[in-house]
Every structure is written in C-alpha cells, then in structure tokens.
Amino acid sequence: MAAVAVHQFAPCITCHAWSPDRSMVAFCPNNSEVHIYKLSEDKWEQAHILQKHDQIVSGIDWSSRANRIVTVSHDRNSYVWNYEGSEWVPTLVILRLNRAALCVQWSPQENKFAVGSGAKTVCICYYEQENNWWVSKLIRKRHNSSVTSVAWHPNNILLATTSTDGKCRVFSTFIKGVDTRDSKAGSSSDSKFGEQILQLDLSFSWAFGVNWSPSGNTLAYVGHSSTIYFVDDVGPSPLAQNVAFRDLPLRDVLFISEKVVIGVGFDCNPMVFAADESGMWSFVRFLGERKTSSTGPKYGSQFSEAFGKLYGQSKHSINNDGIDNSRQRGGVHENCITCIVPLGEAGSSTITRFSTSGLDGKVVIWDLESQQDLLEYL
Amino acid sequence: MMAATVDFVEADNAEAIISRIEHKSRKIESLLKQSRPVEALKTALEGSPPNTRDERCKSANWIVVHRAIMAIKDLDALFSSLDPEYYDILMKYLYRGLSTGDRPTCDQCLRIHERLTERAGLGCILRSLADTMNTV
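Chains G and V, in that order, are what the protein sequence lines are.
Per the numbering used here: the first sequence ends with 378, consecutive numbering throughout.
Per the numbering used here: the second sequence ends with 1136, consecutive numbering throughout.
Treat the hints as calculated values from the structure; they're not laboratory data.
Hints may be right or wrong, so weigh each one.
Stated by the list, open to error - Going by beta-carbon spacing under 7 angstroms, a handful of chain G positions derived as facing chain V:
no. : residue
1   : F204
2   : S205
3   : S215
4   : H224
5   : S226
6   : F245
7   : D247
8   : L248
9   : G308
10  : K309
11  : Y311
Claimed, not checked - Sample of chain G residues lacking proximity to chain V, with all beta carbon distances greater than 12 angstroms (derived):
no. : residue
12  : R76
13  : E128
14  : G166
15  : S203
16  : G223
17  : T227
18  : R246
19  : K259
20  : D267
21  : R285
22  : E334
23  : V341
24  : E376
Where is the CB? At the ideal position from N, CA and C, for every residue including glycine.
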C-alpha cells in the first residue's frame, strides 16, 4: 500500500503544512483557525490553535530552516507566525489586497513569500530589517482573473502562477536589497520585479496547481478540462506537452523527481505521470487502490445512479449497485484532494514521501518505497 | 473603413468554410450509401471548425455531423474503429445533440454517450464542458 498513514483530523481541510522535523502538522479545518497537531507515541495530539484570521485560511506554509509559519486567508490578510517560548506569535503582513488571498508559498531561501489572490494580483513579501516588518510588493499587471496557485523556481527569483483565466505565467520577483544579481544565472537575474518572462496559453479552462521540477527546467500545471500541461526548457522557446487523461480534473501537482509528477484532485486518488527517455509525458497509474465494482456500471457511488437515470431513457437496464453506492470513489480519500506537500529534505531532487489533504478532512502520508514499478521511473 | 475590411475577410473565410462543409456533406452521403457509417462520421468530425465564432459555420457542420450520427447502427463497430483523437470532438457534438430536445436525436446521442464515456472516461465529458473557447 502506498498510503502509509491516514488520519481524520476534521470534517474538512482546506490546506496543510509540516514542521521542519515532520513531527507536527498545521492545517485549516475549513474555518478561520489553524490547528497544529503533534505526533507523540503514535497518537496525534492537538498542540496549538492559531486564531487571528476572520475567515477561512486558504493557504499555510511552514518554512523548514527558519521554522516560521505563514498563513493567508479570505479575510485579505496574512500573518507570519514565529515560535517564541511555547507560543506562536503572529505578525500581521499588510498585503494591500481588496479580495481574498488564495495561496501562499515560502521562497526556497525563505526570505520571501508569494501570495496569490482573487484580486488578480500576486503579493511578494519580504522582511525589512530596519522597520521590523514584512513589506508587500504587488504584481498588479497581466492576470485577468484570480491567481489560484504560485510556485517558486529553485533560483528564488522566478515565480510561476496559475489563474482562472486559464494561463500560467512566469514572473521575475527580483527585489533590490533582498536578492543578489548572480552574473552566472543568466537572463532571470536581469529582469525587473514584476516583469513577465513567459505566458503559457495552453488551457482553455481554469488553471490550478503549478510546480517546478527540482532543477527548475520543467514546469507542470493542471487545467480544469482534465488536462495536465508539461513545459520543458522554460524560457524563450519552451516545449509544451498537453496530456489529456480519462478521469476527473486535478487540483494540485508535485514533482517527486525530474521525470515523475504526482497529480491530485477530484478522483480522490493520486495520479502518477512520468516522462520516458525521449521526454514524452504520460499517465502511468493511480497510486491508491481503485474500488471497481465486479458487475454493472464502471463508476462507483454517485455516478452509477446518475448514469442509470440518464441511460434509463434509452431502455437500458438500470443496474442497482445497492450498498456499493455509498462506498468511496478512490480508496483512501473520500473527497477531493486539494493539497499535496512533499515530505523529503528541502531542496532534495527526489522525493519518495509526500502527504495529501482533502475536503474529506483527512491527511494521508504516501510512501513510494513499496511501489517497485514507480521507483524505476525516478 | 478598416473595420469593414476586417468583416469582409471574416465573411469570406466563413464562405470558404461553408463550401468545405458542403463538399464534406456530399462525401458523407456517398459513404452512407455504401453502408460505411463509421467513416462517414469520421469525415464529418474531421476539420470541424471550432475556432470560428460564426454560428452559420457551426450550424452547417452540425447538420452534417448530425446526419452521420443518426446513421450509426452498430456501436461496437463504431468504437472498434474510431480513433481516440475523435473522442473529445464527438463528445462535444453529442452534447449539442442532447441540447436539441428532439427525441430521436437525443435517444441516439444518449446511446453513443454511454459507450463513449465508457471508452474515453469522465475526462472527455469534462473537456467538452470546460472548453468555452472551442465550441461546436
């Protein structure tokens, strides 16, 4: 079994993040709080509750070196939490947004963080030592709709964003005084803050979940039309591939190596995509077990009933699955998976452990050690 | 003056598309006479003009695809020879068919929809619903 640990923390979880030593998990149980649970002797105990936001916390990220938590919420605010003594102390970050904040991520060097919002803007926040506060610089141009996901390139300067306008964009977030111009880095260090490096127009519907490969050479993002997009050689002449798949759309993606991507979404079951030697990406398989009913329609739970009614019109027999109708679709998760987080060493190029959280309120830890066929792809 | 020129070009393009569709229609009639409904459907689906906004072109193509869809009798034969690249565009036309409300059309589209979903998966349905740019 690829799923090594499953825990039901709440009726519904919007997002989660892990502490640097992986002993604690922070998540939002679909309200304005952040709960931190600690694993002690195989039992999860509630350690802290962070209460500062007024509305749903839509994004949490826990930096691994500085041990800081950043949270963003639909209340248009962001807090950076520092652990002092035995308490988490919040510092308000004024984002200057007039719409909800939707996602957040610490940069690789943890000196900046990016926030995507419904205000069609991205906020890049950095710490100003002299004034002892976090300053927000806005990227106001370019996006035509909500920014659903942000992802930092390993060089700490490039940021990829996805939006409900269907496009994936890459920006430079170079900030004088925070970033240093690296003469070896090439074109990315010549760009000004907020300059758009690339716009990818591959999707005809909402785009979610973007992630960079460990080297920063490849980008992957998903579209709501059950498609995942892979872009190699991100730069002036990128190579894009559209992979359309059979099942329900994805919401988030994670590169676990240069050639393997895990996608999670409405099928409640992680999907594995891999690139072959020639660089062609394709769907490999689902990670968890799929429940297939032995007879009757191929779709479990809510779909067989709906399809039964739909096709019943054309005089086909309606197969009544009976008790099976109430069983879960995917296996481990019972509802859409919205968040996938790596569990390896920060910055490592291959990850074999990661966790997922979903609208079913579960956090599941997956380990690929037992998945021989997939280890070969890594 | 400039706007008028642009419209003129668009209309011209539409005329070209419609005449291609008429040509296709004759080919399809001949394929149907030879009892080759699967090829007729493939021909109808090929070169569907999704990136024109012109409703006349879309309607003209729909009439041709509808003719081919209604002529399908053997679903097993259809799915054993229809290439997967046609699945998404066929699904879009099935939904257009279902939206007509016409009983025979809906019955046929429903019949094909069931098998197509089995073959192509729910993702195919998603692609026809989520794509608001390339409509049929």
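Consistency of the hints with the structure:
no. : hint : result
1   : F204 : 4 angstroms, holds
2   : S205 : 4 angstroms, holds
3   : S215 : 29 angstroms, violated
4   : H224 : 5 angstroms, holds
5   : S226 : 3 angstroms, holds
6   : F245 : 5 angstroms, holds
7   : D247 : 5 angstroms, holds
8   : L248 : 6 angstroms, holds
9   : G308 : 10 angstroms, violated
10  : K309 : 11 angstroms, violated
11  : Y311 : 5 angstroms, holds
12  : R76  : 29 angstroms, holds
13  : E128 : 42 angstroms, holds
14  : G166 : 8 angstroms, violated
15  : S203 : 9 angstroms, violated
16  : G223 : 8 angstroms, violated
17  : T227 : 7 angstroms, violated
18  : R246 : 3 angstroms, violated
19  : K259 : 23 angstroms, holds
20  : D267 : 9 angstroms, violated
21  : R285 : 14 angstroms, holds
22  : E334 : 18 angstroms, holds
23  : V341 : 25 angstroms, holds
24  : E376 : 26 angstroms, holds
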